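Dock chain B against chain A, hints included.
Number of protein chains: 2
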Amino acid sequence: MSQHVVVIGAVAAGPKSACRFKRLEPGSRVTMIDKSDVISYGGCGIPYYVSGDVSEAMQLRTTSFHMVRDEKFFKECKDVDTMTMVEATSIDREAKKVYIRDHKTGKDGALDYDKLVIATGAAPRRLNLPGEGLKGVSYVSNPYEAVRIRDEVTKNGASKAVIVGAGFIGLEMAEAFSDMWSIETTVVEIADQLMPRYISSALAHMGQTHMEENGVTFHFEEQVKALEGEDGHVRRVITSKRTIEADVVIISAGVVPNDVLAREAGLACHDRGGILVDEGMRTSDPDIFAAGDCVVVKNQISGSTLYLPMGSMANRQGRVVGTNLAGGDARFEGAVGSWVCKIFESSMAGAGMSLETALMSDYDAMSVLLVQLDRAHFYPTKELMTLELVVDRTTRQILGIQGFGSAGDAMVGRINAVAATLKYRPTVADISNLEMAYSPPFSSAVDILNTLANMADNALAGLNRGVGPDKFRELWNERESGRYFFLDCREAGDANKYMEKHPAHWHNIPQGQIYERLDEIPRDRDVILVCNTGARSYEAQIMLDHKGVRSTNLHGGMAALKKWGGEP
Amino acid sequence: MSQHVVVIGAVAAGPKSACRFKRLEPGSRVTMIDKSDVISYGGCGIPYYVSGDVSEAMQLRTTSFHMVRDEKFFKECKDVDTMTMVEATSIDREAKKVYIRDHKTGKDGALDYDKLVIATGAAPRRLNLPGEGLKGVSYVSNPYEAVRIRDEVTKNGASKAVIVGAGFIGLEMAEAFSDMWSIETTVVEIADQLMPRYISSALAHMGQTHMEENGVTFHFEEQVKALEGEDGHVRRVITSKRTIEADVVIISAGVVPNDVLAREAGLACHDRGGILVDEGMRTSDPDIFAAGDCVVVKNQISGSTLYLPMGSMANRQGRVVGTNLAGGDARFEGAVGSWVCKIFESSMAGAGMSLETALMSDYDAMSVLLVQLDRAHFYPTKELMTLELVVDRTTRQILGIQGFGSAGDAMVGRINAVAATLKYRPTVADISNLEMAYSPPFSSAVDILNTLANMADNALAGLNRGVGPDKFRELWNERESGRYFFLDCREAGDANKYMEKHPAHWHNIPQGQIYERLDEIPRDRDVILVCNTGARSYEAQIMLDHKGVRSTNLHGGMAALKKWGGEP
Numbered sequence: 001m002s003q004h005v006v007v008i009g010a011v012a013a014g015p016k017s018a019c020r021f022k023r024l025e026p027g028s029r030v031t032m033i034d035k036s037d038v039i040s041y042g043g044c045g046i047p048y049y050v051s052g053d054v055s056e057a058m059q060l061r062t063t064s065f066h067m068v069r070d071e072k073f074f075k076e077c078k079d080v081d082t083m084t085m086v087e088a089t090s091i092d093r094e095a096k097k098v099y100i101r102d103h104k105t106g107k108d109g110a111l112d113y114d115k116l117v118i119a120t121g122a123a124p125r126r127l128n129l130p131g132e133g134l135k136g137v138s139y140v141s142n143p144y145e146a147v148r149i150r151d152e153v154t155k156n157g158a159s160k161a162v163i164v165g166a167g168f169i170g171l172e173m174a175e176a177f178s179d180m181w182s183i184e185t186t187v188v189e190i191a192d193q194l195m196p197r198y199i200s201s202a203l204a205h206m207g208q209t210h211m212e213e214n215g216v217t218f219h220f221e222e223q224v225k226a227l228e229g230e231d232g233h234v235r236r237v238i239t240s241k242r243t244i245e246a247d248v249v250i251i252s253a254g255v256v257p258n259d260v261l262a263r264e265a266g267l268a269c270h271d272r273g274g275i276l277v278d279e280g281m282r283t284s285d286p287d288i289f290a291a292g293d294c295v296v297v298k299n300q301i302s303g304s305t306l307y308l309p310m311g312s313m314a315n316r317q318g319r320v321v322g323t324n325l326a327g328g329d330a331r332f333e334g335a336v337g338s339w340v341c342k343i344f345e346s347s348m349a350g351a352g353m354s355l356e357t358a359l360m361s362d363y364d365a366m367s368v369l370l371v372q373l374d375r376a377h378f379y380p381t382k383e384l385m386t387l388e389l390v391v392d393r394t395t396r397q398i399l400g401i402q403g404f405g406s407a408g409d410a411m412v413g414r415i416n417a418v419a420a421t422l423k424y425r426p427t428v429a430d431i432s433n434l435e436m437a438y439s440p441p442f443s444s445a446v447d448i449l450n451t452l453a454n455m456a457d458n459a460l461a462g463l464n465r466g467v468g469p470d471k472f473r474e475l476w477n478e479r480e481s482g483r484y485f486f487l488d489c490r491e492a493g494d495a496n497k498y499m500e501k502h503p504a505h506w507h508n509i510p511q512g513q514i515y516e517r518l519d520e521i522p523r524d525r526d527v528i529l530v531c532n533t534g535a536r537s538y539e540a541q542i543m544l545d546h547k548g549v550r551s552t553n554l555h556g557g558m559a560a561l562k563k564w565g566g567e568p
Numbered sequence: 001m002s003q004h005v006v007v008i009g010a011v012a013a014g015p016k017s018a019c020r021f022k023r024l025e026p027g028s029r030v031t032m033i034d035k036s037d038v039i040s041y042g043g044c045g046i047p048y049y050v051s052g053d054v055s056e057a058m059q060l061r062t063t064s065f066h067m068v069r070d071e072k073f074f075k076e077c078k079d080v081d082t083m084t085m086v087e088a089t090s091i092d093r094e095a096k097k098v099y100i101r102d103h104k105t106g107k108d109g110a111l112d113y114d115k116l117v118i119a120t121g122a123a124p125r126r127l128n129l130p131g132e133g134l135k136g137v138s139y140v141s142n143p144y145e146a147v148r149i150r151d152e153v154t155k156n157g158a159s160k161a162v163i164v165g166a167g168f169i170g171l172e173m174a175e176a177f178s179d180m181w182s183i184e185t186t187v188v189e190i191a192d193q194l195m196p197r198y199i200s201s202a203l204a205h206m207g208q209t210h211m212e213e214n215g216v217t218f219h220f221e222e223q224v225k226a227l228e229g230e231d232g233h234v235r236r237v238i239t240s241k242r243t244i245e246a247d248v249v250i251i252s253a254g255v256v257p258n259d260v261l262a263r264e265a266g267l268a269c270h271d272r273g274g275i276l277v278d279e280g281m282r283t284s285d286p287d288i289f290a291a292g293d294c295v296v297v298k299n300q301i302s303g304s305t306l307y308l309p310m311g312s313m314a315n316r317q318g319r320v321v322g323t324n325l326a327g328g329d330a331r332f333e334g335a336v337g338s339w340v341c342k343i344f345e346s347s348m349a350g351a352g353m354s355l356e357t358a359l360m361s362d363y364d365a366m367s368v369l370l371v372q373l374d375r376a377h378f379y380p381t382k383e384l385m386t387l388e389l390v391v392d393r394t395t396r397q398i399l400g401i402q403g404f405g406s407a408g409d410a411m412v413g414r415i416n417a418v419a420a421t422l423k424y425r426p427t428v429a430d431i432s433n434l435e436m437a438y439s440p441p442f443s444s445a446v447d448i449l450n451t452l453a454n455m456a457d458n459a460l461a462g463l464n465r466g467v468g469p470d471k472f473r474e475l476w477n478e479r480e481s482g483r484y485f486f487l488d489c490r491e492a493g494d495a496n497k498y499m500e501k502h503p504a505h506w507h508n509i510p511q512g513q514i515y516e517r518l519d520e521i522p523r524d525r526d527v528i529l530v531c532n533t534g535a536r537s538y539e540a541q542i543m544l545d546h547k548g549v550r551s552t553n554l555h556g557g558m559a560a561l562k563k564w565g566g567e568p
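These protein sequences, in sequence, are chains A and B.
Numbering follows the working numbering, in which position 4 of the first sequence is assigned residue number 4; successive positions increment by one, without gaps.
Numbering follows the working numbering, in which position 53 of the second sequence is assigned residue number 53; successive positions increment by one, without gaps.
Heads up, a few of these hints could be off.
Which copy? The list can't say, so a pair holds if one copy fits it or any two copies do.
With a straight-line Cα cutoff of 35 Å, these simulated DSBU-like cross-link-like pairs (lysine-lysine) come out [unchecked claim]:
(1) Lys75 - Lys471
(2) Lys35 - Lys104
(3) Lys547 - Lys75
(4) Lys298 - Lys382
(5) Lys382 - Lys562
Derived by calculation from the structure, the hints in this document are not laboratory data.
These numbers come from a predicted model, not from an experiment.
Looking at chain A on its own, in the form it has when it is part of the complex (with noise of 0.2 Å):
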C-alpha cells in the first residue's frame, strides 16, 4: 500500500525518519518541508566550524563520502521529495493536510498526507535583552549565524568576547573563542556555577579552574541586562554588577521546543513545552508522529518527564519514526540523559542525574567523589580522572555519574558505560562489580568505576565519611579556630612541603604508622585526614575509627583540591 508522508522540519530527526521509511517502502512516497534553506545540519559541530577546528561551514552539511545534503541529494540518493525556504503555516488533522508558505515565492498551499511527522526543532531561548538586534550579537542557532560569528572574529577583527550562559554550547563557544583565536572571553552565568544542575559544584569548579588557567573569566550569580552599541555594533555588556567591553556576544541560554504549530493543531503537549509522544513516537494523533528537540520523553531512572534536545536522540528517533511509519513495532522506551563537553585539554561528562537534580525530585540521594589514574599506574601514559556517583541510600540505585578528566575518550567511556546500565536501575554492586574490559594500557585491574561503587558501599556502611574539595576549603578556611586537626597520612616526602608551608597547622603521620603514633592525635579535635587522593586516608579513618577516635577524610585527596584551584 503506497503512502504520502510529510515530514516538517529537515534538520536531523526529519530526514531520519523520512530516509528510514523510504528504505523501508520504497514504493512510497515522501515529502520534506523545511523553512529554511540550509537543511540536514550537524548544528552540534558549530562551535568547532567557529574555533577553526571544521574549516568549511559546508562540512557540517556533507556525509562522510563528501556529498552535501541539499535537495538533490535527498532525490537521487533518497527517492525524498525535499522543498527548503517552505514553512508549514497549520494542520488540518481531519483533512489531512498541512497548510504551508513558500518565502521563495510568496505562495500559499497545502499538501494532503496519509502520515505526517513534526520535526520542527528547538529555538533558542530568547532572552529579548536591549540590544539583541544589534551587530555581532548571536545565538549561533544555525549555519548562517556560525559563519557570520566566525566572520566577525577572522574579517571584522573582534577581540573582546562575551558568553551569556555556561551550558555546553557556552562553554564549547568560550573554548572556541579562546582557544583558536586567543580572543579575551568572559562567560557570565546566572547560577553560581558552570553546567548548573548538570554536575556537583564540586565537579564545575574543577571545570572552571581549567577554564581559567585557559584564559576565560567567568561572572557567576550575574544577570544579563542589556547590550550597548556604537554604529549599530555591539560594543558593552551591561550586568547587574559591571560592564564588560565586547565586540562579540554569544546568548547560549538553552533552547525551547517548537511545538506551536501542533499545540494550535490540538494535539497533547506538555506544560512546561514540548509535543507529547508515546514509545512509538506518536503523537496523540495516531497518524502524526514527532521526533527531535521539539518533543519530550519519559527518563527512564524516574519515569517523569524529560527533555533533551540532542542531534543524537533526534536521530534515534527518527528511526523508530521511520520504522514505525512503514507498519513496524519499533519503539524508543526514553533516555537517561547521557552528555560530554569538550573544554580545551578537559572534558566534563555525565549521564542520569547529579546531585542537585536526585534531591529535587525527592531521592534520598547521596554522592561520593574519587580520584583515581585512568590506566594502570605503572603504564607510562595515564591521568587521573574524577568522577562522582549520585546514589539512592535508600534503595542503593544508581542514580547517576558526572565526571571531570582529560579530553581522550576514556572518561566518557566510563560514563558510557554507566549510561548503558542506567535504565535496568543497578544498585551499587553492579557497579562494584562492572566488567570493564582490562589491560594496562586501558585500565586498572580494579578499575575507577568499581573503585567509586566500592567507595559508594563504604560510605553507605558509615566505614567512608568524608568531604568534598569544596567542603574541606571550607574547614581549611577554619583553621585558625583550633577545631580541626588536619591530618597529612602520606610519607613524609609528600607531606613535607605542606608542614614546611603551614607549620602549625598541617600534620603528618604516615597511614602504616598511625597505630604506633596514635598518642600524637589529640583526642578534642575533628582529625580531618588528607592523603594523594583518598585511599590512605579512608585506610587511616578505618584504624583510627578502630581506636575510638572520629576523623573525615577528603574525598579525591590533594589531586581533587589541586583540580579544584584550592591547594592549602
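Same frame as chain A, now just chain B:
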C-alpha cells in the same frame, strides 16, 4: 568476635580478600602465605616491563603512591601478617588446619584457621617440549622471568624471538619485542588465526595485517615440536612445517587453574579444572572461600561455566570474599568475558561470545561487521573503527561484540558499554537506542554502536544481505568465472582507481544513479555491491531489491577490505 583468617596466595585475590576483611574487622587476625618471595605484583604488566614501557620490574609491585607491596607494607599499612616462601601442602578441613612448608628453612608446620581463602592462581599451560629447559625459553609467568627475558635482550643481545601461541600474552610479547627492541619476531599458532575463539577470522586478519605491517611474522596451523640449543641456550624452534632461528622463546599457550590443593582437600572442582564457588565465593566447604585464577565462575550470558583468569576478576572476587569473611552478603554474579589487547597503534577488544563460540554453544547466531568513524566525520581527529556484533536470530539477544580499532580508549569504551548491559540480556533494539554521550569530539550523532545494532536489525529483517572482507575476497578471486558483477556504488572519483586497475571486472554506478542506469546492471549475474564503508552499498541494495535485482553488499566496504589486507 575475633577470628583468624588464613589466605593462601598473595598476588591479587589473596591480598584483596585479606585487606578488605581487615578493614571490616580490624580486630581480627589475617595470615597470608605465598610460596614465592615476590608477592602482590601486576602480572599483566609484564609485557610492558619487557618492552621497556615500564622501566623497573619493581614498579609492578608498588602502589600508586610508590610503596612496595611487601611483607612490611602489608604489616604496617594493612595489619596483615605475611609469610613468603611458604607453601601450603595440604588442608585438614575437619581440624581446620593448613599444613605448610617453609622453603627458606625447609621446615614443615601448620596454621589453624577459622576461615580459609584459597587464592592459588593459575600456572602456564606446559607444553613439555623437548628443549624447554634451555636458557632463553620462558613462560613469562612472574616478575623473575620477566627480568630474565628482558636481560636476554638488553644484556645478551638477543635478536630473534619466537612466540608460541597467539593469545593475549603472545601478542603483547610480540609487540614488546618488535616495537621496542626491533627484534625479528615470529609467532607460531596451532589454530588458523590469532586470538582463536575470541574474534572472528575477519577481525583476526585485520589484527594480523597490522602486526605484519609492524614487522611481526605469523605462522598459523603450525605446531611447535621441539626447541634446540647450543651451549645450553636456545637457538632454534622446530615446528611441524619449518625450523625458525630464535634466541628467545616465549611459550604462551594459556594458563590452567592451580586447583590441586583444593581438589586434594575434597573441595568441589570443575571437570576441566578450577574450583567451584557460589556467588558468595564460597567453595563446597562453607568455611573455605576461593577467588581469582584458581576458580571458575558463571557465564552471565549463557549460564554455563566460564574460566576467566584476569587480575580484574581476581580483585573484584577478592573484595566479595573479604566482605563475606566479615559476615557480609556480597555477591559475584559471574562475568561476561570482557577483554582488550593493545597491538602497536591498534587494539582488539571484545565482550561476550564470538560468532564461533556462540555457534558452538548452540545459539542460532549470526553476526554483522561495521566500519565507521569513532567521532563526528567533520571533526578533525577521527579514526575508523571496526565492530562485529553477535546476535541470536531467534530471540534477537546480543550475545557478544568484538572490535578492531585504534589504540586509544574509543573502541574499548564501546565494548565496555555493551559489556555493561550483557548480563541484562539486551536485544538488538536496546543497542540501537543505547545512549552514548554525544558531542562531535567524542562520537557521531548516531554512534557506531547504534548503527551496528541497526545493521543487525536490517540483516535480521533480510534487508541488508552482505559478506565480510574474507568472503568478499573469495568472490573477487573468482572474478574470472563471470558469475559476479562487482559494482562500486561510490562517486566516480572514488571508483576510478579500481576501474582503471580492473577494467573488465570493476564497474561503477554511483548509488544516486542506480534507478536511471538500471539497464547497465546484468540480471544473470550476482551483483556484488561495494562502497567506502557499507552504508551506500546497503542503500543501493534496497534500490535494487525494489527493482527486483538480487545483490550482496560488502559489509565494512573498502575500508574493511583495506584493513583486512585484501584490497583488489
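Each hint, compared with the structure:
1. In this assembly of identical chains, Lys75 and Lys471 lie within 35 Å of each other by CA distance solely across copies; the values are 33 Å between and 60 Å within a copy.
2. Only within a single protomer do Lys35 and Lys104 lie at most 35 Å apart by alpha-carbon distance; the minimum there is 10 Å, versus 85 Å between protomers.
3. Proximity of Lys547 to Lys75 under the C-alpha cut-off of 35 Å is restricted to the inter-copy arrangement: shortest distance 17 Å between copies versus 77 Å within a copy.
4. Only between protomers do Lys298 and Lys382 lie at most 35 Å apart by alpha-carbon distance; the minimum there is 32 Å, versus 38 Å within a single protomer.
5. Taking CA atoms no more than 35 Å apart as the test, Lys382 paired with Lys562 passes in both settings, with 17 Å inside one copy and 31 Å between copies.
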